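We have chain E; now place chain F onto it with these hints.
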Amino acid sequence: MQSSTGLRLVYRAYMVVFFLFLVAPLVAAGVFAFNDSLFPSLPWNGFTLDWFFSPVEPKLGLFHDERLLRGLENSLYIGVIVAALSVAAGTCNAFLFERRAFPLKGLAYILLIIPLVIPGVILGISILVLASMIANWIDLNFGLFITWLRPGIPLIVLGQFSFLTTITSLVIAARLQKFDMALEEAALNLGAGKLRVLATVTLPFLYPAMFSAFVVAFLVSFENFNTTLMLVGSDAPLTITMYDRMVKAGSTPVLNAVSVVLMLGSGLLALASVLVQREPKA
Amino acid sequence: MGRDAGKLSLTLLMTPFLLWIGLLIILPQIGIGYVSLREKVSYDEFHYGLKNYVDFISEPVYRNTLFRTAWMSIVVTALALVVGFPVAYYIAKIARQKSRAALFLMCLIPLWVSDLVRAYGWIVLLRETGVVSRTLVALGIIGQPVEMLYNDATVVMGLVYTVVLFMIVPLTSTLQGMDDALLEAGYNLGGSRLTVFRRIIVPYAMPGIVSGCIITFMLTAGSYLTPVLLGGKNSSWFTEQIYNQFITRYNWEAGATFGVTLLVFTSFVVWLGLKLTGQSLATTVAKD
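Chains as they are written, first to last, in the UniProt record's numbering: chain E, 1 to 282; chain F, 1 to 288.
With the rest of the complex left out, here is chain E (with noise of 0.2 Å):
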């Protein structure tokens, strides 16, 4: 193309700087664990691992922190829970909406699409409202007090589930529109029975988007903050936990260390989405 090198230079810087500018924060939270000071801030102190691995205050370690570990421990529970549900009701709805024809599609298409655009605040609030009247009711005209319907993990299971069956759904469905229906017609000529073919055929093709897809609302769960604040009860997740902190407490490199275990953890866990990903291909 006709750019003069002038041009193409700054062309150049500027993605530099655009890279530069997507890094900074995450540098920062990053780099600051491993200073030897109270404060995540400059001057450096030299190196440690305290912010991990020390038993004692002032400079309490991650993995010494009660609260913090119990934080990581319900964001685990939570996200599997939630990427498990959500994978089974998306696949459900992959084969629903590729393989079936019904009255309204075109509106129940919308409908799938439309949790990705209600702010998570708003989940958030409507089922924490839904739920406390529903559970009003049962105990106003039973006497019974359902503890689930209450700010806690089940509703922020059921929060975090509205939105991210939308995502894993779009994921499957992705996948088993590229099937080739030949396949399945082969096994059902060869004598095989609708399930068995769904069992040994087209499920197995699925698996890598079925994986991806509970990768990525696992991940998207264990960052969720908006729709989560709403619905927490008293076990708390490692966000709010960290939020709370923040907050509260002010900022000690504690966070920072959190920032890390997080980064590192998801960064692992979106390579190797990747890589599942690409295997069929090779």
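Quick caveat, the hints were computed from the structure, so don't treat them as lab data.
Keep in mind the model is a prediction, meaning the values are calculated, not measured.
It is possible that some hints are incorrect.
Stated by the list, open to error - If we take Cβ atoms under 10 Å as the criterion, some of the chain E residues that face chain F in the derived model are:
no. : residue
1   : Arg8
2   : Leu9
3   : Ala24
4   : Pro43
5   : Cys92
6   : Phe95
7   : Ile127
8   : Leu158
9   : Gly159
10  : Phe163
11  : Phe225
12  : Ser266
Every residue gets a Cβ at the ideal spot worked out from N, C-alpha and C, and that includes glycine.
Below, chain F without anything else, positioned relative to chain E:
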């Protein structure tokens, strides 16, 4: 194959979908709509009417928070487009084939990191005792530390940072489909760089621009962490009001009214954007 079996399996596939959409999306929205219409008179006595909405409109603080959130979301969307377009164009058209995928993945890195960590990173960089301020003092550029948090410019910057990726992804995938011959034809016909950009590139990228803008706007208007953490107590962001009414003040009627207002407002903007550009929801949002 039996028709009954087909019907049975359709019902089985339909059930999770209906339960999900019905119980977790539609009924809850009806629920907040219902709560927003009621007014608490005493412990278990309610009146129904539009009073909460009237209160909302007549209270300047609430009204202005909505306008402020809307205005800043528009600014953030526009800036994300301006910042993101050159990046998308570079990845799609200028970078060598080999480095394209790597550049694209690099753009996605922050996507995998929690909002909270990103906001925390900015706090570490920008606050009064933070890295940037200390460095500037050490270099003798400024006399004493400056607070760079808790102002609108920082909030806008932080929001652009959070959402710019959602602009770049649809733009890149649209621009990648553009045939280079179109550009060459434009230049051969004597078009200047600006004309080619305005008459060929922008119209071609329009679907990507629209979907990027819609997603960006929705995410910004509905965001919570970035404005609250980078803007501090005075950020007056609309989602923060919803949280305050619901959780801090336990005034669910007002909170639900705010929630419905935000939902109606963002849906209206999305609808308007789709109408003006002749796109549909399914093709813009569901693509990636």
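How the hints compare with the structure:
1. Arg8: holds (8 Å)
2. Leu9: Cβ of Leu9 (chain E) sits 12 Å from chain F, so the hint is violated.
3. Ala24: holds (7 Å)
4. Pro43: Holds, about 8 Å.
5. Cys92: holds (5 Å)
6. Phe95: Where the cut-off is 10 Å and the nearest Cβ of chain F is about 6 Å from Phe95 (chain E), the hint holds.
7. Ile127: For Ile127 (chain E), the interface hint holds, since the closest Cβ of chain F sits about 5 Å away, which is under 10 Å.
8. Leu158: holds (6 Å)
9. Gly159: holds (8 Å)
10. Phe163: With a minimum Cβ separation of about 9 Å from chain F (threshold 10 Å), the hint on Phe163 (chain E) holds.
11. Phe225: It holds, given that the least Cβ distance between Phe225 (chain E) and chain F is near 6 Å, below 10 Å.
12. Ser266: With a minimum Cβ separation of about 4 Å from chain F (threshold 10 Å), the hint on Ser266 (chain E) holds.
In terms of the numbered hints stated before, the structure departs from hint 2 and from no other.
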